[in-house]
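> Sequence:
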Amino acid sequence: MFKRPVFKGSELKRSVLKTLRFKSLRFKSLRFKSLAHVFKTLEAAYDVLMRLHHTPVRKVVMMLILSGVAMASHAENDSVPDFMRGDWLLVCDNTLLCRAAGYPPERYVEAQRAGLILSRAAGPGTALTGRWVSTEDMAETTPLHLWMNQQDMGEVLADGRLTDSQVGQLVAMATQHVDIRLEGSGIVLPLSDHGISAVLRRMDAVQQRLNTPGALIVKGSRSEADIPTAPPKPEIQQAAVLEAQLRPISTSSAQGQQLLRALANTRAAECDLSEDYLQYAALTADKALVMKACWRAAYNAGSVAFVVDRNTFKPLQEVTFSATDYAQGTLSMMQKGRGLGDCFYLKRWVFDGEVFVVSQENSTGLCRLFPGGMVTLPRYTTRVLSP
1 MFKRPVFKGS ELKRSVLKTL RFKSLRFKSL RFKSLAHVFK TLEAAYDVLM RLHHTPVRKV
61 VMMLILSGVA MASHAENDSV PDFMRGDWLL VCDNTLLCRA AGYPPERYVE AQRAGLILSR
121 AAGPGTALTG RWVSTEDMAE TTPLHLWMNQ QDMGEVLADG RLTDSQVGQL VAMATQHVDI
181 RLEGSGIVLP LSDHGISAVL RRMDAVQQRL NTPGALIVKG SRSEADIPTA PPKPEIQQAA
241 VLEAQLRPIS TSSAQGQQLL RALANTRAAE CDLSEDYLQY AALTADKALV MKACWRAAYN
301 AGSVAFVVDR NTFKPLQEVT FSATDYAQGT LSMMQKGRGL GDCFYLKRWV FDGEVFVVSQ
361 ENSTGLCRLF PGGMVTLPRY TTRVLSP
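Under the working numbering, the sequence shown has 344 at position 344, and the numbering climbs by one with no breaks.
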C-alpha cells in the first residue's frame, strides 16, 4: 500500500527546491537562504499552484508556497490572503471588497472559454453581483443563455452581467453539484462548480456575514447590524521627485564602487546575477533610489530596490527584491505566471517624501488560457494624491 512521505526539516526544504527546479523555475544559482526568495516571484507561487496540485506530496509543497505568499502580503500591507478551492479563486482587497473568480474545468483546453466574476462590497445590505468574462465578444455573439442543471435561466446581458434573479439562482444551487454553462447558437461555454460553495462561504467569513440573513451560504438570525462597514481606502500623498527616470551608474566608477560597498551587507549581496548593473534616481536633496539587477528566471527578472542616503549611500529602506520599473516617483513590479496560459501579478509603490509606500497590488487570477489573464483582481488599493 502506498504511504505518503513525511518530510522533516532540511528534507522538506530540499523537496521544495527540487520541485521548483523540476517545474522549470530557472533561478540558476540563487541561494535560497529563506523561502521569502521564492515567495517574491509569481512563478514560484502560480506556476507551482497551477501545475502541482494533483498529488498529495506536491499539495504539501503548494500550500507552503501559497501560505508564504499570503503571509508576506498580509504582513506588508494588511491585505486578506487569497483563497482557492477547485476551479474558484477568492480575492478580497483591503476595503474587503471581495471577488470570486470561477473558471472552466481545469481539463477544458478549448480556446473559446468563459469565466464568471461574483463581487460583493463589505457592509450590511450590499448585493452580490455577477459578470461573465469571455474570450468571445459577448456584445457581438449570438444571445447567450445561462443554463444550470439543464434549466434555462434566461439570457445574459450583452455586457456579460447577470440579472439579480440569475445570481440568486446560482447561489441557491452552489451547495450542490450544478452544471453551469453559457449556451448560444453553436456555442457551449462550460463553467466549473468545483469550489464555488467553499469560496462563497469564505467570502461571507471575510466580510463577517456568517449566520446573518444576508449570508450567501451559512444563513442565520444574527443581526445585519453586526456586519462591519467597509474600511476606507488609505490615502497616500505622493511627493515630487528630482529625477523621474533611472540612469545607469558604471560599477567601475567611484560612485558605483561606493554604492556596491554600501550594499555589501544587504540582501543585494544574495543576488544571483554576476553582473553588477546599477541604476540611480535622485528623489530629494538627501535621498535617492538605487536598483541593482538581481535575479532572472525563465519568464521573469527582478532588481533589488533601495532608498539610500545620497551622501553616504547608506541604505534607508529595502523596497522589494523584484522591481521591474521606475517612473516619476512610482516603483513597479510586474511578474508573469505560467500554467495553462499566462497570468500576471502587479505591485506598485509611490514615494511619499521619506519611503516608498505600497499603493497597488493586483493579479489577473489563475493561468487558464485567457490571453493576459481573465480579469484584474485587486488585492490592495489606495487613493494616491498627486504631488
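These are computed hints drawn from the structure, not numbers from a lab.
Note that CB positions come from ideal geometry on N, CA and C, so glycine has one too.
Mixed in with the good hints there might be a few duds.
As the list claims (entries may be wrong) - Ranges between beta-carbon positions, derived for each pair:
id, residue 1, residue 2, range
1, Asn149, Gly220, 21 to 29 Å
2, Gln151, Ser386, 17 to 25 Å
3, Pro228, Ala282, 39 to 47 Å
4, Asn265, Ala285, 19 to 27 Å
> Please list, smallest to largest, the hint numbers that this structure does not respect.
Of the numbered hints given earlier, the structure breaks just one, which is hint 2.
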